[in-house]
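Participant: What follows is the residue order along each chain.
There are 2 protein chains.
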Amino acid sequence: MPSSSEYRLIYWPGIPGRGELIRLLFEEAGVAYTDTAKGPPDDAVAAVTSRLDDNTPPLLAPPILQHGSVTLSQTANILLYLAPRLGLAPAAGDDGMYHLNGIVLTLLDGFVNEVHETHHPVATMDYYESQKPEARRRSKAYRQERLPKFLAYAQELLTTGDWLYGGELSYADLVLFQGIDGSSYAFPKTMKKMKDSNRYNDVFRLYEAVKQRPRIKAYLDSRRRAPYSTGIWRHYPELEEEEEEEEE
Amino acid sequence: MPSSSEYRLIYWPGIPGRGELIRLLFEEAGVAYTDTAKGPPDDAVAAVTSRLDDNTPPLLAPPILQHGSVTLSQTANILLYLAPRLGLAPAAGDDGMYHLNGIVLTLLDGFVNEVHETHHPVATMDYYESQKPEARRRSKAYRQERLPKFLAYAQELLTTGDWLYGGELSYADLVLFQGIDGSSYAFPKTMKKMKDSNRYNDVFRLYEAVKQRPRIKAYLDSRRRAPYSTGIWRHYPELEEEEEEEEE
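Chains as they are written, first to last, in UniProt numbering: chain A, 1 to 248; chain B, 1 to 248.
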């Protein structure tokens, strides 16, 4: 049952980024929220930086959620807080909460955190252009070893049902949807190969099922959905070039 | 109040690793637990691999906690489950749970996950020796930019009290203790410099306060505490060499 306090998401403008994982819960639940990323870009940046400078409590990075007197950071944590309130997870403290949180933390590792490392493997604070050879090497390891491992994990979870946990849609499914969507933007040739392998059919079926849910579909078709650009999920064609790998 | 079911930690033998973050909660609480890492090494490895192969439910990596009918993975998630049961966090669902979880996820990023990246920046599944130049670059960024950022975050949390949250010891303090201890093993010269800067005095004070707690002290002095070697926290002197940096 949605709370009556307003939900306020504080996030960088102009990219889907980690904020997107949170937006999808609000959109699927049909719950109103304010999103600082959607105002004028300067104001949106100021909303993030002024909150980070505020230090009550100290928070290291967005996304940040404000709800009543609660201010939280860390994507997995914000999702943990929101999901039961939005009808997308069992009540806090139920064993199911921990099972879902374990799944979500694993999906975030595989389809968000490790994707970011592919283009920023050695200098997080520096430009991609300063670490291109390292990014190629990390991307190769990601495409060949890590991505299949995480896809196989999700596929394994789906052998017993249509959804990742508990027999019905949960926030974990929305996280997997966004992970697949972002990875498909970043590594389109690789993800096509993964899909065509038929090894992860239930993962791609779930992706399509989420995409077709009425509220998600309406959201994706709206201007509220920011296009991909230079956030977590970036498309650098050189990071999935295959030629030289075949020689190795 | 500890539950009557047995707690069973499944983790790799021979290293502190992520399992250590979980052990510290049991040790501080004085609660009995079995630890597969402590048997014969072959059996300990088999305990991990057989559990990962089991797939009920699918789990991608240790640490794994078994407690009654619950089987969980992901360090932050296991801590979230254990801490209220061991008297080291507010009850599940309290706002305090989310505040603590946000702090713990941030500390794990800064003092565990990013430390692992320093020696494995481009090929997670491969040897350190195959990625030494990249590791030097990542380590430099870690020591100069990331580590001070996370230390400043923890210091900021400690300006309002002796402990990270809620005015008393919580599991977040144990996580920070282990993070500082591990980072001090991996980067001794850097951490000495950080300590001597007097910018993070409350962090190092908390570190000492945790270390002197009777049950933690007894544990650290016991053979149950594995020495550091080749896990998350590794000491490669070349990863904190200063000379060439001063020329840049």
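Be careful, since some hints might not be right.
Chain A regions said to be covered by chain B (calculated; three or more residues, Cβ under 8 Å) [unchecked claim]: (1) 54-66; (2) 74-83; (3) 151-158; (4) 168-176; (5) 199-213.
Computed list of lysine-lysine pairs in DSS-like fashion (alpha-carbon distance at most 27 Å, straight line) [to be verified]: (6) Lys132/A x Lys193/B; (7) Lys193/B x Lys140/A; (8) Lys132/B x Lys193/B.
Distance windows between CB atoms, simulated [said to hold, decoys possible]: (9) Gly166/A x Gly166/B: 25 to 35 Å; (10) Gly68/B x Gly166/A: 17 to 27 Å; (11) Thr159/A x Pro41/B: 46 to 56 Å; (12) Glu145/B x Gly166/A: 38 to 48 Å; (13) Thr230/B x Ser5/A: 30 to 40 Å; (14) Arg224/A x Arg205/B: 31 to 41 Å; (15) Thr159/A x Glu6/B: 23 to 33 Å.
The set of hints was computed from the structure by calculation and includes no laboratory data.
Heads up, the beta-carbon is just placed ideally off N, CA and C, and yes, glycines get one too.
Participant: Now look at each hint and say whether the structure bears it out.
Facilitator: Against the structure, the hints:
| no. | hint | result |
| --- | --- | --- |
| 1 | 54-66 | holds (count 5) |
| 2 | 74-83 | holds (count 5) |
| 3 | 151-158 | holds (count 3) |
| 4 | 168-176 | violated (count 0) |
| 5 | 199-213 | violated (count 0) |
| 6 | Lys132/A x Lys193/B | 31 Å, violated |
| 7 | Lys193/B x Lys140/A | 36 Å, violated |
| 8 | Lys132/B x Lys193/B | 24 Å, holds |
| 9 | Gly166/A x Gly166/B: 25 to 35 Å | 32 Å, holds |
| 10 | Gly68/B x Gly166/A: 17 to 27 Å | 19 Å, holds |
| 11 | Thr159/A x Pro41/B: 46 to 56 Å | 32 Å, violated |
| 12 | Glu145/B x Gly166/A: 38 to 48 Å | 41 Å, holds |
| 13 | Thr230/B x Ser5/A: 30 to 40 Å | 48 Å, violated |
| 14 | Arg224/A x Arg205/B: 31 to 41 Å | 47 Å, violated |
| 15 | Thr159/A x Glu6/B: 23 to 33 Å | 29 Å, holds |
In this structure, the hints that do not hold are numbers 4, 5, 6, 7, 11, 13 and 14, in rising order.
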